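First to last, the protein sequences are chains D and A.
The first sequence begins at 466 in my numbering and counts up by one.
The second sequence begins at 466 in my numbering and counts up by one.
Keep in mind that the hints were calculated from the coordinates and are not lab data.
Values in this document were obtained by computation on a predicted structure and should not be read as measured data.
Each hint should be verified, as a subset may be incorrect.
Unchecked claim - These stretches of chain D come out as covered by chain A in the derived footprint (C-beta under 8 angstroms, 3 or more residues):
no. : stretch
1   : 542-551
2   : 557-565
3   : 609-619
Note that the Cβ used here is the ideal one computed from N, Cα and C, for glycine as well.
Number of protein chains: 2
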Amino acid sequence: MNPATSVQIALGERSYPIHIGTGLLSDPALLEAALPRGPLLVVSNQTVAPLYLPRLRAAFGGRRLAECVLPDGERYKTLATLGLVYDALAGARVNRDGAVLALGGGVVGDIAGFAAATWQRGVAVAQLPTTLLAQVDSSVGGKTAVNHPGGKNLIGAFHQPSIVVADLETLDTLPARELRAGLAEVIKYGLIVDLEFLGWLERELPRLLARDREALAWAIERSCVNKARLVALDERESGPRALLNLGHTFGHAIETAAGHGEWLHGEAVAMGMVMAAETSARLGWLAAADVARVREIITRAGLPVAAPRIGVARARELMALDKKVQGGRVRLVLLKALGDAEVTGDYDPAALEAVLAAEVG
Amino acid sequence: MNPATSVQIALGERSYPIHIGTGLLSDPALLEAALPRGPLLVVSNQTVAPLYLPRLRAAFGGRRLAECVLPDGERYKTLATLGLVYDALAGARVNRDGAVLALGGGVVGDIAGFAAATWQRGVAVAQLPTTLLAQVDSSVGGKTAVNHPGGKNLIGAFHQPSIVVADLETLDTLPARELRAGLAEVIKYGLIVDLEFLGWLERELPRLLARDREALAWAIERSCVNKARLVALDERESGPRALLNLGHTFGHAIETAAGHGEWLHGEAVAMGMVMAAETSARLGWLAAADVARVREIITRAGLPVAAPRIGVARARELMALDKKVQGGRVRLVLLKALGDAEVTGDYDPAALEAVLAAEVG
Chain D
466 MNPATSVQIA LGERSYPIHI GTGLLSDPAL LEAALPRGPL LVVSNQTVAP
516 LYLPRLRAAF GGRRLAECVL PDGERYKTLA TLGLVYDALA GARVNRDGAV
566 LALGGGVVGD IAGFAAATWQ RGVAVAQLPT TLLAQVDSSV GGKTAVNHPG
616 GKNLIGAFHQ PSIVVADLET LDTLPARELR AGLAEVIKYG LIVDLEFLGW
666 LERELPRLLA RDREALAWAI ERSCVNKARL VALDERESGP RALLNLGHTF
716 GHAIETAAGH GEWLHGEAVA MGMVMAAETS ARLGWLAAAD VARVREIITR
766 AGLPVAAPRI GVARARELMA LDKKVQGGRV RLVLLKALGD AEVTGDYDPA
816 ALEAVLAAEV G
Chain A
466 MNPATSVQIA LGERSYPIHI GTGLLSDPAL LEAALPRGPL LVVSNQTVAP
516 LYLPRLRAAF GGRRLAECVL PDGERYKTLA TLGLVYDALA GARVNRDGAV
566 LALGGGVVGD IAGFAAATWQ RGVAVAQLPT TLLAQVDSSV GGKTAVNHPG
616 GKNLIGAFHQ PSIVVADLET LDTLPARELR AGLAEVIKYG LIVDLEFLGW
666 LERELPRLLA RDREALAWAI ERSCVNKARL VALDERESGP RALLNLGHTF
716 GHAIETAAGH GEWLHGEAVA MGMVMAAETS ARLGWLAAAD VARVREIITR
766 AGLPVAAPRI GVARARELMA LDKKVQGGRV RLVLLKALGD AEVTGDYDPA
816 ALEAVLAAEV G
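Looking at chain D on its own, in the form it has when it is part of the complex:
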């Protein structure tokens, strides 16, 4: 077992650690120390549970773990699936003395986290992310949600976990397409706040794609450090935390229009980051060479740089339901420079229109 590194999310009494390392799911002490004494429910999915639930159960030894195994995929991130988790919580007699363990990717973490946020008005949750995307982004920071037919993540809550455990071993079984989707969120940190990390990623991308464990550990740690900083500044996303949504307003529109699950979230975010860069360029904020650099690293990561032709009107309609809309204005995360993003509603709408026409029209 490699030595684990830890990143702390500093939120006063809601602070918690992210542990990153190899074989951590087999380490009982880590989880036992962070969890309350009452009944525990593991929420996982049909793909992940057969692979990793047995080692979790072994780690917990005699302590009983109830289970709730959901169908796999973004299309199941619904109120109906949430109802299954509530049924399991009632069945397992989980109360405020108990906890939920979310074992899986972003979908499992979001549903299980939201169930924990709302069961008895809030029980503890441990996030045990098993995809790169969940390890670098969705398991950290307390955003939980399910989708509504009207849009992604429209139903949700802020609910910080008690602990996040990112076991690198779980990435061994991750499909290549999902590994690439996770890299989109890793690249995002470079683009919004960390130019040095962007340079590192440009150099080390081949090692990441080859699943070099040391490179992955470093990319996850650096991503979490960046996310920790933004979340600590602004837990409930009234300010700088919204930078983490680079590419997401465009991306959510693509995901919803294509049907939840057709595009992986990371793929849609990658495409959305290209569109944000293009919009920034049309506003004169970003040089053409910088846009090319964005397109290049996304292409090299095996991620899409061409959007589905959902039409300008449909894209506008879906973007209008974005949570960042204020006073009827869609605020966007745009790039003043590489490594320097800004959230703003103060831009020339013609630039956005032109990008939509060029990319999805």
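Based on the hints, put chain A in the right spot on chain D.
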């Protein structure tokens, strides 16, 4: 229009006023000042909407109010009904710039409040309670929830309203049974923390039952002042706020066993308060004369002092899912004296068993 009184809930940046008076729903300035500029959705039910939605719409003049009218009754306080509210929120394009107006009794307030708590991870809600129970209790303090087949209010969130407006005119149309149910929660304040108020209630009960507006206004204000104090001390119910649950652990078990909606919440709470008093007496904490006094005021208010015979085993099972359970122990709100309640798990379980056997066995 009588001059309104106001009670302030002091919760730092989440502070808000409760306005109590006659004709307040026709006063546009009150609500407009407290609400954001974006899209508004009124959530009401099929009984209340025809009575009071027109005056609310008139008060808002030109400003558009979208509507979501739910079926009436506790049996509809479900995830499925919540889904209807989410659909209406999406249809009305309510975003973080918008708000929900909950126009109705406790069920409407709880569902609409929970929808507001979780839509886009939290939008503003104005509580416009139209029943005595909602005016003295459920609209104040930020508890929101829907029921699960396993128990009452198991799915919920803490989400403080931006404003509470208790218009006394709405009590004119309240069915007598619901007025009495509301009195159960009023009596509760006397029993848990306000002996002087209990004495006033014993004297003035006839005026309250006759819907004397001045007496009702005073009872609502005094109830809200007591609730405000407990909520300000302990917003998320880790301590003294739990006193507000006097009678609720027993009451929820009765409501769930009888089928949600058969017993009104206030009726079940009244019965639960009798059982809490009986348990306190068996522990030697309360004199027999005090228990008689509890039974008498509840009887005079036209509320039940005999429980349905749901059986000791079923009662125990339902109480075990209570949110106050800690370490497998059901904590109860018990009375050290009239006007002096305590939350505790440290009691002789034989006393509880004996009361269950006597009352529901």
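For each hint, the structure was consulted:
Counting residues of the stretch 542-551 of chain D whose beta carbon lies closer than 8 angstroms to any beta carbon of chain A gives 4, which reaches the threshold of three, so the coverage claim holds. Only residues whose C-beta sits within less than 8 angstroms of a C-beta in chain A count toward coverage, and the stretch 557-565 of chain D has 4 of them, enough to reach three; the restraint holds. Counting residues of the stretch 609-619 of chain D whose C-beta sits closer than 8 angstroms to any C-beta of chain A gives 6, which meets the bar of three, so the coverage hint holds.
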